[in-house]
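Student: What follows is the residue order along each chain.
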Amino acid sequence: MRTLTIAITLAFSIAVPHALGAPASEIQRLIDEATPGSVVEPTPGVYEGAIRITKPVILDGNGAVTIDAGGEGSVIEVTAPDVTIRGFILVGSGKSVSNESAGIKANNGPVIIEDNRITDVYFGIDLKQSPGSIIRNNTIVGKDLELGRRGDGIRLWWSHECVIEQNTVRDSRDMVFWYSEGLRISNNTVIDSRYGLHFMYSHNTTVRENHLTGNSVGIYLMYSNSIRLVQNQIDNNRGTSGYGIGLKDCDDIDVESNLLAANRVGIYIDNSPSSADSTGLIRSNKIAFNDVGMLATPNTHDNTIYNNGFIENEEQVSVHGGGQLFLNDFANNEKGNFWSDYNGFDRDQDGLGEFAYEPRSLFRTMLAREPNLRLFVHSPAQQAIELTARAFPELDPDPMLSDPKPLALPPRFDLPSLEAGAGGFHMALVAFGLVLFSALVMLRLTLERNNTPVTGNKRND
Amino acid sequence: MSTMNLNGVSRPENQSKNRVTHLSFVRSIMLIARREFRDALSSKWFLLYTIAFTTLAIGVSFLSLAGSGEHGFAGFGKTAAGLLNLIMLVVPLMALTAGAGTIAGERERGTLLYLLAQPLSRTELLLGKYVGLAIALICSLCIGFGLSAGLLAWRAGGVGAGSFLMLVVFASVLALSMLSLGVLISVQSRRAGVATGISLFVWLGLVFLSDLGLMAGTVLFKLRVQEVFALAIINPLQAFKMNVIINLNASLDVLGPVGMYASQEFGESLPWLLTGVIVLWCLLPLAVAIMIFRKRGGI
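So the protein lines, in turn, are chains A and B. Residue numbers for the first sequence follow the working numbering, beginning at 5 and rising by one. Residue numbers for the second sequence follow the working numbering, beginning at 408 and rising by one.
The following label-pair restraints were derived from C-beta to C-beta distances:
| # | chain 1 | residue 1 | chain 2 | residue 2 | range |
| --- | --- | --- | --- | --- | --- |
| 1 | A | Y227 | B | T462 | 52 to 60 Å |
| 2 | A | G74 | B | L680 | 42 to 50 Å |
| 3 | A | E30 | B | Q633 | 53 to 61 Å |
| 4 | A | N347 | B | R598 | 39 to 47 Å |
| 5 | B | V626 | A | L451 | 50 to 58 Å |
Just so you know, these hints were derived from the structure itself, not from any lab. All of these numbers come straight from a predicted model, not from anything done at the bench. The C-beta atom is built at its ideal place from N, Cα and C for all residues, glycine as well.
Given the sequences, and given the hints that come with them, work out the whole structure.
Tutor: Take a look at the structure:
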């Protein structure tokens, strides 16, 4: 990866040739000599070493300047406010846990960090006490360490009112926000990391149109209040937690119009809302093809869950450890949710089913009590248990929730449409091959052959 | 070699002494296999099972596709889950009853003595019958899978062609193991009806009772994950199921804590472990069947 980066940089630097591996002190000298507020544009090329910015300057690499810290400390450290870092390729920070080395570290913002490519770093961008910063259109790739040992792709610490948009983070730990309020987080992509977006004690933020895929958890909100999650695409997050969205002790959360697909758990609700007189809203989300659509702890209360489509989740709703969710509303005044396993009908054509949706499943109830039993899903034994429960109503468990106004059709979702898996041609080939194979075998073995008397005679007996 | 003596000069036990006049081991097996295969094709069970399996496979594919047209995602794959359930129900039933009928049926009709009078060893006879039935079963499965794959291709399903092919392979190996068990039941039984009855009971045990028992055990004795896993994979059906899921998902996390434990503990070698279990189920019952048959013969 690093040689590739260097190769690309070399290609760029042909126009203005520069010695390979010039010392970073050349850039450091430019910065030190610049007047505050001026633009510093280093000659394109590869520089080795680290940079420290102690005055407000605009550092512009025009996409052709690589700084390689060589695996020691942070690549760029910013201690002054109003610094802009744009168009750099930053590689090779240190990876010691105690130093928390980063691609870019700032502790006295605001700073603007945009259009950079930051790779092979422990932390990507690490901002402390830098309110009003902008982190835009950066690509951050972490070091190839095991999940828990990686650093965060982007970390904010006590930095209110920041804008974080159009960044791509992969192979890192979290994009995490500590004690930072009023953020704007949109159009970011986090892939193959631990928690896509992680909020710790960070309130009043809108999270819009991010794409979180292949992480352990998509979005994890912890002890953070008044957060709106809108139109995010959250799929294939299947780590040991494996939540699309996790809500832990959060008040006044609004989860609206998100796509939650193929996660282990679509939405996990742990004691949210937690304080009295606060509520939670979960509406108009498409929750599809997850192992569990919604998992909630039994004490969950005061959430209003409506106009969502619960589509073909292995298990639509589950209560962690068993129990019921009657302290939550699965419908607002007009409508409830669409449930793909709803058995009722809509006689008066008003778009609502005539009976409440009250899922009862003996096997699911057993699962909630004894998670190890999940080993037996997709087996005839599971079907046998469900059948038994239906045949003997006294075995039928109480429903875990009640949606009084289930939707007859899935709501329309304002979501980016996803490409369906192709492969029809290969499948046709498989189909043809299998049938041809059996036909050939049959012909080969049944055609009469005169020189095999045993078969010939036996058949006539 | 080619002029084989049909009237059976020698009893099978004496064969080894005048081996020169007899067919080679493999050729004898193939001769019997060919006979068995043709018998199977002309018999009602083969036709019935093929039609039933094909219809069910197509039906399951069609039903599960109906719900998931517009969405690109398929999670575990409803089609795969449906097919998996179907295979676990029907394939063992097919293979067990087919295997159970073979020796017991000939014994009941009296044709077994005639067969044993041929210049073949009992091992060759039994293996030949096994191979013939195995080919018949695999053909039957291939027709069913092939036609439902045709439907999936037409409707462009979410399951990849490669995984589907692996599903066919796994189902075939499962069929072989169940056939092995069926043959073991057959050499033990004097009448075809009894053999079929026993095979149905074994089917019930493998498909339902063992799982239900293990579930009850898990709840009652609070078994730890490694214990549940170890007990579960003894059942070739569970091993088969896990293998299919690994093939589709690269991990067993859909199976909850036990699945995650297995994935973490065994990692890359897990599919081999599971395949090993099923292969053992192919070899062991067959070996025991051969031993019993050599001792018992026509009676």
